[in-house]
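J.: Protein chains in written order, with our numbering: chain A, 1 to 358; chain B, 1001 to 1358; chain C, 2001 to 2358; chain D, 3001 to 3358.
Don't take every hint at face value.
Simulated crosslink set (DSS-like; lysine-lysine; CA at most 25 Å straight-line) [stated by the list, open to error]:
#	chain 1	residue 1	chain 2	residue 2
1	B	K1259	A	K259
2	C	K2259	C	K2213
3	D	K3004	C	K2259
Calculated directly from the structure, the hints in this document are not laboratory data.
Protein chains: 4
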Amino acid sequence: MAAKIPVGILGATGLVGQQLIAMLTREQQGGPGEHPWFHITELYASERSAGKSYRDATPWRVDGPFPEEVGRLTLRATDRCGDAQVIFSALDAQAAAEVEPRFAGCGANVVSNASAHRMEADVPLLIPEVNASHVEAVRRQRSGRGWSGAIVTNPNCTAIILTLALAPIERRFGLQQVFAATLQSVSGAGYPGNPAIDLIDNVVPFIPAEEAKIETEPRKILGGSSPGGFQPADFLLYVHVHRVAVRWGHLVSVTARLKKEATLREVRETFEHFYEESPLDLPSAVRPVVVLRDEPDRPQPRWDASAGGGMQVTVGRLRMPAPDLVQFSALGHNLIRGAAGAALLNAELLVARKLIRG
Amino acid sequence: MAAKIPVGILGATGLVGQQLIAMLTREQQGGPGEHPWFHITELYASERSAGKSYRDATPWRVDGPFPEEVGRLTLRATDRCGDAQVIFSALDAQAAAEVEPRFAGCGANVVSNASAHRMEADVPLLIPEVNASHVEAVRRQRSGRGWSGAIVTNPNCTAIILTLALAPIERRFGLQQVFAATLQSVSGAGYPGNPAIDLIDNVVPFIPAEEAKIETEPRKILGGSSPGGFQPADFLLYVHVHRVAVRWGHLVSVTARLKKEATLREVRETFEHFYEESPLDLPSAVRPVVVLRDEPDRPQPRWDASAGGGMQVTVGRLRMPAPDLVQFSALGHNLIRGAAGAALLNAELLVARKLIRG
Amino acid sequence: MAAKIPVGILGATGLVGQQLIAMLTREQQGGPGEHPWFHITELYASERSAGKSYRDATPWRVDGPFPEEVGRLTLRATDRCGDAQVIFSALDAQAAAEVEPRFAGCGANVVSNASAHRMEADVPLLIPEVNASHVEAVRRQRSGRGWSGAIVTNPNCTAIILTLALAPIERRFGLQQVFAATLQSVSGAGYPGNPAIDLIDNVVPFIPAEEAKIETEPRKILGGSSPGGFQPADFLLYVHVHRVAVRWGHLVSVTARLKKEATLREVRETFEHFYEESPLDLPSAVRPVVVLRDEPDRPQPRWDASAGGGMQVTVGRLRMPAPDLVQFSALGHNLIRGAAGAALLNAELLVARKLIRG
Amino acid sequence: MAAKIPVGILGATGLVGQQLIAMLTREQQGGPGEHPWFHITELYASERSAGKSYRDATPWRVDGPFPEEVGRLTLRATDRCGDAQVIFSALDAQAAAEVEPRFAGCGANVVSNASAHRMEADVPLLIPEVNASHVEAVRRQRSGRGWSGAIVTNPNCTAIILTLALAPIERRFGLQQVFAATLQSVSGAGYPGNPAIDLIDNVVPFIPAEEAKIETEPRKILGGSSPGGFQPADFLLYVHVHRVAVRWGHLVSVTARLKKEATLREVRETFEHFYEESPLDLPSAVRPVVVLRDEPDRPQPRWDASAGGGMQVTVGRLRMPAPDLVQFSALGHNLIRGAAGAALLNAELLVARKLIRG
């Protein structure tokens, strides 16, 4: 791969956009490092910010120093396509619904973190460690829509963490029902996000439109993909979401009813062998992708969200109250594993599968 | 009731002891007011504090002014019984196992918040609005143990809140399984409790020995009582606990599978009619005991924990993803409804049922 | 006073507006109770909210139940004056600069919490317990501006708390310099105010335009008033502000250099006698207005902000490292003592001084 | 330097001990890396923990992975000296008063973070970037006390941060008085430290015995050292301390009165040139040691405490209300720059100055 692939970012000034830029431009703690394949050439923002430098328009709120070189780029409006082959989208759903298809029509490969197109019948919803093969639907999408570009999506931040933790046991034992409660950090709401006054000495048992995503998306990811479309997995999810005063790291506590009975030892082994079963050789992939911890009080956001440079999901408190019931808590970094890193991995998958004409 | 009944408090310097004294001595915001039946005459504490005045030994951490009059009482060691007819116990489980039977043997009516004796076959585990009739087991206990006194208990703080929210629907539709996740405040761990450094920018998905209590106690409370003992209700509970950076108020988010199918409207009505079905005329009882809120983002600890002077349980986010599945979040003040107020109500029930020889 | 005086509120949906409505309509904990003199008849809001009911437009975030009756009032735009004799203004500075004079010109007595007009030469900047006589400048203002109404102002929330604590010692010993650092709660920034992500595990040593107000306003309040204008007191203030993750309560730690040397005992007595020296018989006034506490670790926002229904300033950690240096920490409720309660007291002062033609 | 110097740690299980071990054993983010000169051979703990492995006895609460190799060391009691040439002491003052002299008498070079011996006439109180020459007092100490070992100390965590920020301007313009207010993180109180319930929605304007240290130690450090002892600098400090809900990072806001008038530009340059004036070639030293930031709202603990691997002090909000008055806020990582890193630097200084017989 001689020259790096030029990439652009829609919604570059938001938290997910910031995290993407941080991951693309500099060494992460234990993470992917300066990106070997991609080079940022275009940053897009809302009309209010377009024309400003990235530095002047951005309230930098992610770990690590501000990327001075990228900071000098001028923000572009989204009304015209650019030349980047990959366009990461950190737009909100409403903007994404309009802007992303336009860029895909221009020939860009839109790698989207937005929810707008996730559930469409020809749009892959990807976690490369889980359903990499779904990416082939891009060929269907291109021919069907007459695009030279494409849209691929990553799931909702909590859905990613939950699905990565469910995937090992779903594959081996099957799932009937999943009962889950989440404790989600404020960075999941973007910036400015939740007012401090709402979360000091408080938790909020509600996040708009969040539960439906977490109850739906894992079934598409863990389901089948065929020339005719996607076939959702047949288990059901019941989710309670909560917003808590944590900066980053979404925790989800799960009680899952299996189709086949299992022993605790079998379930443990299934988690431990998960990565080996689906090797993935992408620059931003980490091994293992799911880490099992035995301490009685882990995972905790403050200590575990940044495991594996923020790309690992940590599972703990694993227990089985009955042979068909598995309980655990899973945690991941919502901005990295759940958003920026998820999109980055998807873009890398497109390249590795030769779905981007480099 | 001419003269007030003299009462004592075991573990008077802890958070639950403080809250009890606050409730017995002064007007609560919207709460029970100066207690009409009880008068504090004895305070007990650990050997380290015995001999000191209550003021000198107590780091006051509950709402409202320090009760100066009670503050002048000298703390007694627990090695000798006093003259109080009612002894509230806010001891930890280990101390309660030893001290409470001794006081009951001396003739005191021990109204305990401790877990030590809750599950014993002749000890009532009471939520007066739910299973007041279980208190009659005291007669069995007295004759069986040869005590003139007795031990009655209230449940674990979260178990109370959960059980009050489950009771209406259990009574009408039956319960098969209950999947619950809790977000519990730091005051549930007493004082000093959780170190600040463990909860700043963090949550902890673990509280020692807590899940087992929440999975067991509701079944005794919602079960039967007969001369032969207690018969636990036949549903099962699966619980995940979490500690969060909230001062007071435990939130529990529930997905319950019913025995009989229901409509959302029927379930709503069941909650709304709950109190009328089991009237309770005790000084510390509030009406309604379970409050249903319709806002999409309630209950929240900061705004709802002190509803009804801290004696109400607030239920919100009520929804039914299937005719046999009910989902909601319930919240209560763990120090009041879940501990001090629960014990106070139990003591009042003993008096009302003439189980205390006044 | 037969009929109550009709009052309106500019900026009714914000935090200060909410707190005003709470104080005017219901019993506060230890506070002023349903207001004996005033009756809310008009609520004003921004154009975006005008036309909606107060209930629908307001994210209620202050303690106590939502005032259902007021909630049914329709919000008015600020482009037309109403009939209320007293108009409380909780506008931001920019809106206040334009709207308040217009209402005063219509004949309304504008009692403003905004900074826009505080330092003007004919506008009294009032803390009734400190400089009630300055209110007479209203007569000057009316004749000078040709208004039948008037504008009177209360200081910045921190300036009020600091000035109330400084007033006793300034009166008796004089002040040369005042070095102060503040720890200010998020409600001081209104709603939504500071994003949670900025204050979790963090403090921010900056609040726009705040230090200049705290360094200037106390000198006007503690200075003289004559027919020619106001004469600022001649001491200087040097202030560092900090925003902290506290809901309400502003703390200010002070080192003050006196003009006359003093003993610690004399300073203590000065604080204790402060209220007696300046009796004030208004419905919302409390006695004492400054409370001195001797515990080594008070005042604290969580425990002391609501002292006296939020109208008291609590002073603690009083010490004197030298005969001309006094050190202490002072705390007050920024929304009540520092804003809504301050304005309410000012309106009561206008009535008591017969400056409102009732 | 062929073989590494064997070092031991007193108080190894506490937060400062943990941070020391982290700094000695692994690469810090931007920090000193695996230590080139020192090798841990002995860990000491209280009698309660002695005999356990470090892993079993330690609630790891600092950033980065637990150091598994060191974790296998068995904790020793402090009643017998070992063979390490350098003994870092993270004991509390009372234990240090007794244990440190005993180890120094055995020949160990005790590099102490404790306050017990800081102000003694033959004990250097060191910040190597500021008063490295004071370390020579060790020779006096050894001959006077007849020790082959020695005790050297680093200041209180806040005193270090404050003194590093004051040193540049003290050197050039002289100081008359310093008025300071601190916002200190909970890790400054060790583990468990402050109870969460005391800091949720709260700040505490008190830390036992803290203000006296911050008002005294900078004068020794910035003063002279002669064969007859230390001569404190002649300026005075007046300090207010506050505990806030922050994990690490102590912020101190300062108003300093200079002896010589200055311009803001001169003061800026003085900060910028500070490091160059006193070069220091030690493995854990960073350049620059004081960083000046121009953003209006920095420094902030969450973003700046870990600057330079936690070894830099960040100064911001620099302003001058008068030619002899300088105002700024300074921030440093209390566990690293203020404790573990400070001790490490002191040990390196002893080696560099050949005061440790290697």
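J.: Output the numbers, in ascending order, of every earlier hint that fails for this structure.
T.: Violated hint: only 3; rest satisfied.
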